[in-house]
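The primary structure of each chain is shown beneath.
Protein chains: 2
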Amino acid sequence: MSDIDLCPRFEAAVGLIGKRWTGLIVEVLLKRPLRFSEISQAIPQLSDRMLAERLKELEAAGIVERHVYPDTPVRVEYSLTAKGRDLAPVMDALHQWANRWMLVPTHSAP
Amino acid sequence: MSDIDLCPRFEAAVGLIGKRWTGLIVEVLLKRPLRFSEISQAIPQLSDRMLAERLKELEAAGIVERHVYPDTPVRVEYSLTAKGRDLAPVMDALHQWANRWMLVPTHSAP
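Sequence lines, in order, name chains A and B.
The C-terminal position of the first sequence is numbered 110 in full-length UniProt numbering, with every residue numbered one higher than the one before it.
The C-terminal position of the second sequence is numbered 110 in full-length UniProt numbering, with every residue numbered one higher than the one before it.
Keep in mind the hints are simulated off the structure, nothing from the lab.
Watch out, some of these pointers could steer you wrong.
Distance condition first, Cα-Cα at most 27 Å in a straight line; then the derived DSS-like pairs of lysine-lysine [stated by the list, open to error]: (1) A:Lys-31 x B:Lys-31; (2) A:Lys-19 x B:Lys-19; (3) B:Lys-83 x B:Lys-19; (4) A:Lys-83 x B:Lys-19; (5) A:Lys-19 x B:Lys-31; (6) B:Lys-19 x A:Lys-56; (7) B:Lys-56 x A:Lys-31; (8) A:Lys-56 x B:Lys-83; (9) A:Lys-83 x A:Lys-19; (10) B:Lys-56 x B:Lys-19; (11) A:Lys-31 x A:Lys-19; (12) A:Lys-56 x A:Lys-83; (13) A:Lys-56 x A:Lys-31.
The following label-pair restraints were derived from C-beta to C-beta distances [to be verified]: (14) B:Lys-31 x A:Arg-20: 23 to 29 Å; (15) B:Asn-99 x A:Ala-52: 26 to 32 Å; (16) B:Val-68 x A:Pro-33: 50 to 56 Å.
From a predicted model like this one, the values you see are computed outputs, not experimental measurements.
Idealized CB from N, CA, C, for every residue including glycine.
Please work from the sequences and hints to get the whole structure.
Following this line, the structure appears as structure tokens:
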């Protein structure tokens, strides 16, 4: 083992959480359970196809749960599992870093 | 503003830090300044072309610094700036999550 070997668990976590859009999807679901359209509205640059793909991955990884409510019309909501909610400290730490170091991107409203 | 609007700074940070390989590059540089070949050895699945691209992006973002030592042969090392080192709490939080929830991937040595 060299002093710069990576921890396999950490590497696997970065591979999962570090995927494009995943961080933002987890961030909006930390607020509350949401319907597909609500997640899509919160992340407008994310295509529906990619959102569907990421939600499937996150479900398979046990980070997101899909709830079907037999209303008329049927209502489907996505929420974080305990494993997903446990990512809150990671998001909080990134929020603090962003507030300290990132400028507000010019293309977005002040 | 809806209750699920994303903070622009946070979004920009996820876009930067969330890029494929960036998390692992920051993680190994948190240990100590490293030469290109040492980073490449620590992350074998990462191609030299992609590593060079990510290091350029991280330099432009003020997260990584490149030091040229006029030895013979010339020695080039990469290190984190204060902005880069300030990502340590994000990596620590992800380490804790990974240790709690991720299994050791079967393809890696125990």
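Index of numbered hints that the structure contradicts, given in increasing order: Result: hints 1, 7, 8 break, sorted rising.
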